[in-house]
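Each chain sits in its own coordinate frame; assemble them with the hints.
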Amino acid sequence: ETGVTQSPTHLIKTRGQQVTLRCSSQSGHNTVSWYQQALGQGPQFIFQYYREEENGRGNFPPRFSGLQFPNYSSELNVNALELDDSALYLCASSLRTGSDEQFFGPGTRLTVL
Amino acid sequence: AQSVTQLDSQVPVFEEAPVELRCNYSSSVSVYLFWYVQYPNQGLQLLLKYLSGSTLVKGINGFEAEFNKSQTSFHLRKPSVHISDTAEYFCAVSGVTGFQKLVFGTGTRLLVSP
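As they're listed, the protein sequences go chains E and F. When you read off a place in the first sequence, starting at 1, and then add 317, the result is the number in our numbering. When you read off a place in the second sequence, starting at 1, and then add 638, the result is the number in our numbering.
Incorrect hints may have been included.
Cβ pair distances, simulated, as ranges [claimed, not checked]: (1) E399(E) / R747(F): 26 to 34 Å; (2) P387(E) / S708(F): 41 to 49 Å; (3) P656(F) / D401(E): 38 to 46 Å; (4) E371(E) / P717(F): 41 to 49 Å; (5) T735(F) / P378(E): 22 to 30 Å.
Because the hints were derived from the structure by calculation, they are not lab data. None of these values were measured; they are calculated from a predicted model. For each residue, glycine too, the CB sits at the ideal point set by N, CA and C.
Bound-form chain F, shown alone (with noise of 0.2 Å):
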C-alpha cells in the first residue's frame, strides 16, 4: 500500500517569488510519483511525472521536480511564480506493478499574490 503526505495545506508566496512544495511518500514497493494542479471547479491536470531515469523532471508551466528516494521525497518547484498558478496542487503516487491506481495527498493550495 502507498500513501502520500504533503506537509503544507496553504503555501503563500508573491508573484515572481520562487515555491517549493512538499511532499512525500510512503510505499513497500517502487513507485510512479505525479503532481497534478486543479484550478476552481475543475478536473485535474497533470504537471509532471516520475516513471525512472533522471531524478529531476520537467513539466508545463515551468514546474520542475526532483525524486529523491532516500528521502521518500518528490518536491514541486518553480523558480517564479504568477498570479495564474494560483491553485491547488496535488502529489499521487502509483506501484509500478498492477493495476493504476492513483493515491493522492490533501493538497497545497498555492495563494500567489502581487
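So that you can see chain E by itself, here it is in the shape it has in the complex (with noise of 0.2 Å):
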C-alpha cells in the first residue's frame, strides 16, 4: 500500500509568481484536504476535494485553488504569490466518512523571495 506521496519537497519562488503543488493520495481514499503550515503553527484547512469537487473551504483567497483529478491525486494551484504564503504544505487522504483518519503527505515546503 502507498501511502501519501507529494512533490516537490521544496520550491524557491518571487513574489507574483503562480506555484502548482501536487498530491498522490493513499491507494483506496477518495478523498483529499490541503492545509498550510506556518513556520512555528498548526496546520491551517485550506480546502478539500472529494470526486473532483471541492467540499469544503477555510479561510484562504481565491487566489487559492485546486483541482481533484479521477484518480482521486490532487493539485492546489497558489497565483499571485506573497510572501506570507512561504510555509510547508501538507496534503492529507482520506476516506469521507466523519470518523476517517487523514493520512498525510511529508509536505512540500514552498519559500517566497
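Written out as C-alpha cells, the structure reads:
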C-alpha cells in the first residue's frame, strides 16, 4: 500500500509568481485535504476535494485554488504569491467518512522571496 | 466552529520521566479529537483519536489520552518517555457532522533529554 506522496519537496518562488503543488493520495482514498503550516504554527485547513469537487473551504483567498483528478490525486495552485505564503503545505487523504483518519504526506516547503 | 488551545508551547522532560501535554478545545457541536506527532521535516502521524465510547484512548508508542467533556480537555500522557519522542505534538478537533475539517492547535514541542 502506497502512502501519500507530495511533490516537489522544496521550491523557491518570488512574489507575484504562480505555483502548483501536487499530491498523490493513498490507495483507496477518495478525499484530499490541503493544509498550510506556517513556521511555528499548527496546520490550517485550506480546502477539501471529494470526487473531483470542492467539498469545503477554509479562510483562504480565491488565489488559492485546487483540482482533484479521476484517480483522486490533487493539485494546489497559488497565484500572485505573497511573502506570507511561505509555509509547509500538507496534503492529507482519507475516505469520506467523518471519523476516518486523514493520512498526511511529508509536505512541500514553499519559500517566497 | 471549533478551536483548540495547547497551553504549553514547549515541554522539557528527562528520559524515562512521565509527561502530560495539555489540550483544551471549544465547540458548539459534538467533536472527534485527535493527537498527531510531527518529527522534523516530516508530515503528521496520527498518535490516537477519540470518536466515542471509552474516554481513555490508547495510541501508538505508549501514548494515551483522556477525553473530559465537562472540562473540554483531551490531554496526552506517556508514563515514561524516550529520547526518540522528541517532536512536535498537535491536538486537533473536527465536528462529528459535515465534512471532516481538522482544526489544529499551535503545537507543543516535547524535548526529551538524557
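Each hint, compared with the structure:
For the pair E399(E) and R747(F), the supplied restraint of 26 to 34 Å holds, since their beta-carbon distance comes to about 27 Å. With their beta carbons about 47 Å apart, P387(E) and S708(F) fall inside the hinted range of 41 to 49 Å. One distance hint, 38 to 46 Å for the beta-carbon pair P656(F) and D401(E), holds here, with the actual separation near 39 Å. At about 44 Å, the beta-carbon gap between E371(E) and P717(F) stays in the expected band of 41 to 49 Å.
In this structure the hint that T735(F) and P378(E) lie 22 to 30 Å apart at CB holds, the actual value being about 27 Å.
Going down the numbered hints, you'll see the structure goes against none, and every one checks out.
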